[in-house]
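Undergrad: Read off the chains here:
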Amino acid sequence: MHEPQKKWLWHLVFAGCLGLIVLSTWLVSQKVDYPWNWQRISSYIINTDPAEITAPGDGTIELNENGQLVLNLDNGDPAVLISDYTTLEVTDGDLIFEGDILATVEQWEFGTILHGLFITIEISIYSLAIALVLGLITGLMRISTNPALRNLAIVYIEIIRGTPLLVQLFIAYFFIATVLELDKFTAGVAGLAVFAGAYIAEIVRSGIQSIPVGQMEAARSLGMSYPKAMIYIILPQAFKRTLPPLAGQFINLIKDSSLVSVIAVVDLTKAGREAAGSSFASLEIWFVVALLYLLLTGPLSWAIQRLEKRLSASD
Amino acid sequence: MTDTADNIIIADKVDKYYNNGALHALKAVTTNVHRGEVVVIVGPSGSGKSTFLRTLNQLETIQSGTITIDGVDMYARGTNINKLRENVGMVFQGFNLFPHKTALENVMLAPLKVAKRSPAEVQEHARELLYKVGLADRMENYPSQLSGGQMQRVAIARALAMRPDIMLFDEPTSALDPEMVGEVLDVMKSLAAEGMTMVVVTHEMGFAREVADRVLFMEEGALLVDEKPDAFFDNPEHPRLQQFLSKIL
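As they're listed, the protein sequences go chains W and A.
Here the first sequence is numbered in our numbering, starting from 1 and rising by one per residue.
Here the second sequence is numbered in our numbering, starting from 316 and rising by one per residue.
A few of these clues could be false.
[Unchecked claim] With a cut-off of at most 30 Å between alpha-carbon atoms, the simulated BS3-like pairs for lysine-lysine come out as follows:
#, chain 1, residue 1, chain 2, residue 2
1, A, Lys543, W, Lys240
2, A, Lys342, A, Lys328
3, W, Lys270, W, Lys255
4, W, Lys309, A, Lys398
5, A, Lys328, A, Lys543
6, A, Lys398, W, Lys228
7, A, Lys431, W, Lys240
8, A, Lys447, W, Lys228
9, A, Lys416, W, Lys228
10, A, Lys447, A, Lys398
11, W, Lys240, A, Lys428
12, A, Lys428, W, Lys228
13, A, Lys543, A, Lys504
14, W, Lys309, A, Lys428
15, W, Lys309, W, Lys7
16, A, Lys416, A, Lys447
17, A, Lys431, W, Lys228
18, W, Lys240, W, Lys309
19, A, Lys398, A, Lys416
Think of the hints as simulated: they come from the structure by calculation, not from any bench.
From a predicted model like this one, the values you see are computed outputs, not experimental measurements.
Starting from the given sequences, assemble the full structure and let the hints guide the process.
TA: This is how it looks when you write it as structure tokens:
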């Protein structure tokens with residue numbers, strides 16, 4: 001009964017520690033000789049540069065009978081009506097050369113960083129789905145009594161776990177993708193899926209093996225075939241137990257997807273590198289990139305915790 | 316015993332080895348069980364009685380001999396073991412209920428997924444069975460919310476749901492607290508009274524004496540005694556059986 005009364009104190013300590021870290025980070029950032037300029041990165045997130053309407057050829061601006069500005073082209077093509085603009089850049093009588101800006105339109109579009117974020121999400125979802133199927137099949141093969149299936153699974157798992165992902169991605173891109181004529185995005189997805197699949201296979205295997213033998217015996221003695229017993233009895237229980245390590249693997253996969261930037265896929269990391277290069281605000285860019293990765297992994301982690309709670313209803 | 320046509324279980328010279336022959340677990344075990352008969356197998360631990368019981372639905376495979384269940388040779392080519400097991404219910408010492416399913420779902424699962432009977436019929440039958448084992452008010456509970464005795468009664472109902480002709484019991488009361496043994500034995504007794512063919516491995520000598528038609532005594536993988544309960548308990552002739560009974564009674 002003494003415990004709960006003390007708890008608020010420790011929450012306060014936690015908040016204090018967090019505040020201290022933030023404060024010291026800020027102090028350090030003031031000390032370094034670096035011109036912080038957060039405004040500069042906004043266009044890499046949302047690009048609000050106005051779009052330009054340019055002249056298709058040389059000519060003269062005139063008012064037509066409706067009082068609208070048109071560009072009479074010297075080459076005899078029909079006159080071009082200037083419409084759907086926000087700001088006019090020309091007036092009646094102006095001499096225009098090909099490529100001149102006639103007017104601008106206000107608009108916005110996703111910047112480099114957000115485009116990269118979408119690619120990262122896309123890569124993660126595809127490779128996750130493939131990795132799950134691959135891992136499930138390999139995991140089941142791994143515990144099979146058939147030596148061919150079992151040994152194939154072992155060879156796959158050992159090769160993938162024994163080599164760095166970066167090297168695997170290079171091989172996937174420069175060798176396999178070349179031979180099979182895959183594009184770099186597919187090569188990246190395949191490389192990540194094969195990598196994560198090996199780890200998921202081991203998670204699936206340990207999950208299945210953690211279910212007491214009696215469950216399989218009870219299912220089989222009711223007349224269920226091995227696949228039915230797996231589907232209705234063993235896998236649902238194993239799934240529940242493997243959720244925490246699976247969640248870790250999912251999050252790893254999202255983070256590992258940053259490595260596809262080395263094979264020129266413009267994911268979040270690659271976009272970050274491009275933006276850092278051209279914006280002269282590399283520190284700000286990398287902080288934003290880190291935050292965006294957190295925004296991807298955080299909700300996933302939270303969702304799996306929720307699922308875990310819901311599935312534990314029968315415990 | 317009497318005419319062989321009525322033997323629903325025929326085990327002939329069943330041999331089983333473990334560890335590539337290092338352990339001879341069953342030594343030419345031969346016995347028959349009539350339709351509707353209750354056979355209790357007793358013996359010291361490690362005597363092979365559970366192993367023998369588990370060969371009757373092929374949870375353990377055998378190395379030689381034959382086992383015939385309701386006219387079907389278990390090891391003949393073309394025998395569908397899943398089909399055969401549908402006819403042989405099994406109750407385990409450790410219950411082995413499916414923890415992610417409620418009591419009702421545990422009972423309903425196999426009839427739905429294996430026998431593919433209609434959901435309405437399966438549910439009605441499952442409710443009936445749970446009512447019969449005295450768990451009408453526990454149908455929606457998960458195994459973790461049930462006592463050992465309740466779990467074992469759900470397990471019995473689950474095995475009965477496939478409408479088997481034979482029920483195997485592998486030490487069904489050994490994992491129970493003493494006060495719960497009775498409720499499980501009562502269910503088994505009523506099952507026996509209904510004419511179910513039962514093979515029971517147990518240490519409950521009272522149950523054996525009261526319910527069994529025959530009692531078998533096994534030791535070190537061999538079937539040594541096969542007698543009616545009276546003769547088995549009151550006039551044991553085999554010296555090993557005398558020794559065994561003197562220790563436990």
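Undergrad: None of the hints should be skipped; say for each whether it holds.
TA: Going down the list of hints, with the structure as the test:
no.	hint	verdict
1	A:Lys543 / W:Lys240	violated, 49 Å
2	A:Lys342 / A:Lys328	holds, 7 Å
3	W:Lys270 / W:Lys255	holds, 13 Å
4	W:Lys309 / A:Lys398	violated, 38 Å
5	A:Lys328 / A:Lys543	holds, 22 Å
6	A:Lys398 / W:Lys228	holds, 14 Å
7	A:Lys431 / W:Lys240	holds, 27 Å
8	A:Lys447 / W:Lys228	holds, 28 Å
9	A:Lys416 / W:Lys228	holds, 15 Å
10	A:Lys447 / A:Lys398	holds, 26 Å
11	W:Lys240 / A:Lys428	holds, 22 Å
12	A:Lys428 / W:Lys228	holds, 8 Å
13	A:Lys543 / A:Lys504	holds, 17 Å
14	W:Lys309 / A:Lys428	holds, 27 Å
15	W:Lys309 / W:Lys7	holds, 24 Å
16	A:Lys416 / A:Lys447	holds, 20 Å
17	A:Lys431 / W:Lys228	holds, 13 Å
18	W:Lys240 / W:Lys309	holds, 10 Å
19	A:Lys398 / A:Lys416	holds, 24 Å
Checked against the numbered hints given earlier, the structure breaks hints 1 and 4 and satisfies all the rest.
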